[in-house]
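Novice: As you go down the protein sequences, you meet chains A and B in turn. The first sequence: position 106 = 106 (my numbering), numbered continuously. The second sequence: position 141 = 353 (my numbering), numbered continuously.
These are computed hints drawn from the structure, not numbers from a lab. Just so you know, these numbers come straight off a predicted model, no measurement behind them. Incorrect hints may appear among the rest.
Coverage of chain A stretches by chain B, computed from C-beta distances (three or more under 8 Å per stretch; other residues unrestricted) [to be verified]:
(1) 68-75
(2) 109-115
(3) 195-202
Don't be surprised by glycine CBs; every beta carbon is placed ideally from N, CA and C.
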Amino acid sequence: MHEVNNLLLLLVILLNFFTLGSARLGACIRAVAIQGAILSFLPVTVHGVNPHALFLSAGALALKGLFIPWLLFRAIREVRIRREVEPLIGYVPTLLLGALTTAGSFIFSDFLPLVEEHHGTLFIPTALATLFTGFLLLITRRKAITQVLGYLMLENGIFVFGILLSAAMPLMVEAGVLLDLLVAIFVMGIVLNHINREFSTLNTERLSALRE
Amino acid sequence: MIAALILLPLLLAPAAFAVPSDRLRPWLLPLAGSCHLALALMLIVSGESDTGVWLAADPLGRLVLVVSSLLFFGCSIYAVGYLSYRMDRGNRIIVPCLLVFLSAMTLATLARHLGLLWLAVETTTLASAPLIYYNRNRLSIEATWKYLLICSVGIALAMLGILFVAYAALHGGVPVSLQLDDLMARAGTFSRPWLHAGFVFLLVGFGAKMGLAPLHSWKPDAYGEAPGLVGALLAGGLTSVAFLAILRGMQIMAAAGDLALARQVLLGLGLLSLALAAVFMVRQPDIKRLLAYSSVEHMGILAIGVGIGGVATFGAMFHLVNNALTKGVLFLSVGNIQRAYSSKRLGEVQGAMARVPVSAGLFLAGFFAITGSPPFGPFLSEFTILRGIFDGGHDAVGGLFLLLLAVVFIGMGGTVLSVTQGAEPEGLPDSGYRESLLMVGPPLLFILLVLILGLYLPEPLRAFLQEAAGLLEVTP
Numbered sequence: 001m002h003e004v005n006n007l008l009l010l011l012v013i014l015l016n017f018f019t020l021g022s023a024r025l026g027a028c029i030r031a032v033a034i035q036g037a038i039l040s041f042l043p044v045t046v047h048g049v050n051p052h053a054l055f056l057s058a059g060a061l062a063l064k065g066l067f068i069p070w071l072l073f074r075a076i077r078e079v080r081i082r083r084e085v086e087p088l089i090g091y092v093p094t095l096l097l098g099a100l101t102t103a104g105s106f107i108f109s110d111f112l113p114l115v116e117e118h119h120g121t122l123f124i125p126t127a128l129a130t131l132f133t134g135f136l137l138l139i140t141r142r143k144a145i146t147q148v149l150g151y152l153m154l155e156n157g158i159f160v161f162g163i164l165l166s167a168a169m170p171l172m173v174e175a176g177v178l179l180d181l182l183v184a185i186f187v188m189g190i191v192l193n194h195i196n197r198e199f200s201t202l203n204t205e206r207l208s209a210l211r212e
Numbered sequence: 213m214i215a216a217l218i219l220l221p222l223l224l225a226p227a228a229f230a231v232p233s234d235r236l237r238p239w240l241l242p243l244a245g246s247c248h249l250a251l252a253l254m255l256i257v258s259g260e261s262d263t264g265v266w267l268a269a270d271p272l273g274r275l276v277l278v279v280s281s282l283l284f285f286g287c288s289i290y291a292v293g294y295l296s297y298r299m300d301r302g303n304r305i306i307v308p309c310l311l312v313f314l315s316a317m318t319l320a321t322l323a324r325h326l327g328l329l330w331l332a333v334e335t336t337t338l339a340s341a342p343l344i345y346y347n348r349n350r351l352s353i354e355a356t357w358k359y360l361l362i363c364s365v366g367i368a369l370a371m372l373g374i375l376f377v378a379y380a381a382l383h384g385g386v387p388v389s390l391q392l393d394d395l396m397a398r399a400g401t402f403s404r405p406w407l408h409a410g411f412v413f414l415l416v417g418f419g420a421k422m423g424l425a426p427l428h429s430w431k432p433d434a435y436g437e438a439p440g441l442v443g444a445l446l447a448g449g450l451t452s453v454a455f456l457a458i459l460r461g462m463q464i465m466a467a468a469g470d471l472a473l474a475r476q477v478l479l480g481l482g483l484l485s486l487a488l489a490a491v492f493m494v495r496q497p498d499i500k501r502l503l504a505y506s507s508v509e510h511m512g513i514l515a516i517g518v519g520i521g522g523v524a525t526f527g528a529m530f531h532l533v534n535n536a537l538t539k540g541v542l543f544l545s546v547g548n549i550q551r552a553y554s555s556k557r558l559g560e561v562q563g564a565m566a567r568v569p570v571s572a573g574l575f576l577a578g579f580f581a582i583t584g585s586p587p588f589g590p591f592l593s594e595f596t597i598l599r600g601i602f603d604g605g606h607d608a609v610g611g612l613f614l615l616l617l618a619v620v621f622i623g624m625g626g627t628v629l630s631v632t633q634g635a636e637p638e639g640l641p642d643s644g645y646r647e648s649l650l651m652v653g654p655p656l657l658f659i660l661l662v663l664i665l666g667l668y669l670p671e672p673l674r675a676f677l678q679e680a681a682g683l684l685e686v687t688p
């Protein structure tokens, strides 16, 4: 099981880079969806087949892998955008930054005091690297929808860390967390639609009337 | 009774959505508000149930509960008057959202489980986003987007903080649970690096929600564009709830014997907030943004109070009450002034004393109260915090605190005086707004309460505040 976990986590890291480097919105959404789907297998591979893990896997697969991507695809169809043109920082610099933060996450997690059974696994570095990639997307992209993707990726990073601790989280709270994520994306989707209607674009640069 | 407090507004929300008439629907708000306040007061008086696993009312939670319930009650009466002026906009969304918002705030004050607390705070974010977007124009959508994004990311970081605390338990070799009492009982054996990192993430995450610098940037936009009554609920209620979430982290740190570290971090963030707010309040041309920075300032004061400890913690608890009620006065009266002028820019709003005398008077009184002038409540609470600072030997902090408060007074005073005094601008069209009891009564009630608190602090209330502050001290 150890190897399977590490393989899945490596795929997650690769998808981080793919999302940072891709210019097409559809591809980005698909990458985040696949990442969510891969993550949803982890509870079962880590904790074995039990009701709690199965529920968590099924919930994550349904929301992160299927429903939320579907919502996002619907959103870009409605507002008719395909390409993430001219990010604030170019793709190559973002990829370099991504590589730097990923390397940093690996080095940093070596210094963290870990429980015996978590030594030598990729969980902590992957969680941190995915978290930072989400931040990068949030900061460096102009389209509001890419910022939503950044937020989703940030949540994915936290999910990876949370799997290590799912014994501590009662089922009710986990269900609530997933539900809140869904509603958050839903509300953001509605706001996206209104931004598009008001400004005829989804570039957040236009959202700059409010400042000192 | 605890369940009723949470479920009552939650169940009224779909009912409100189902009511077909825009004229009748707002009346559900005072109904929910008054029932909620009555239940909350009964809970305080009866002193019921301290020991639920999921939900329980400890003194800190009760304090925030009763403050936000009182604030919501006032705002719900105001809302009836306000929404009758906004019939064009309809209220099918805003009324249910206000009710869900109240329910989520209540849940957050009563939660005994960090996961549940997180859930409740996140729900307040989602329920309040449509409230900020009420005016449906370009500015309000920009404000809503910033609010949603910054607060969601903040809350995500708080989740990470909670997980770190859980990992601290795992690494410490004790059974992992996120139940607050379990955490406090076992905190002594937690792994320190993970616990400290967890606390910092909790502080940054919930601090973003509370509006502590440096993650306060959504606040001026959101408060500036939201209707006055929403501003009052956010500035008085939601910030107190987020502060409570930070205090839960403090409780765990105190139980682990690391209170000194937690206090230092909080003190630093508090001073930073106070300083940043003071800078932006001088010559601020927008009245509502001015109030938003005032809110950042007072969050800073709360953080400083708890950061110093001792008498200052008591002062901070008292200040939480005063700040919430005074913010109610300010936002509601400014909402009236904005209605009367159809503007909130400094150049266009002048001579409010002549146009809307009661609201302008309330705004002026609220200004004196919030800047800590006697005889209002905030004077007493700020003075108590200051006494705590000097008693603790932090002379430099005390000096800086006084200096920044003076800057705030001068900066805010300039704006407030030019709004209320002077002559009305020429050729101002009539906005059709008339002062009515529904819209000046609630702020009047709040300012009277603040005045009473400044003149006389009843013994039961003092003991209650003392009890709440006691939870944030080191338990021997």
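Novice: Tell me if chain B covers the stretch 195-202 of chain A under the three-residue, 8 Å CB rule, please?
Specialist: n = 3 at 8 Å, threshold three: holds.
Novice: Tell me whether the statement that chain B covers the stretch 68-75 of chain A is true, taking a Cβ distance below 8 Å and needing three residues at minimum.
Specialist: violated (count 0)
Novice: In terms of beta carbon proximity below 8 Å, does the stretch 109-115 of chain A have 3 or more residues touching chain B?
Specialist: holds (count 4)
Hint compliance for this structure: hint 1 is the single one not met.
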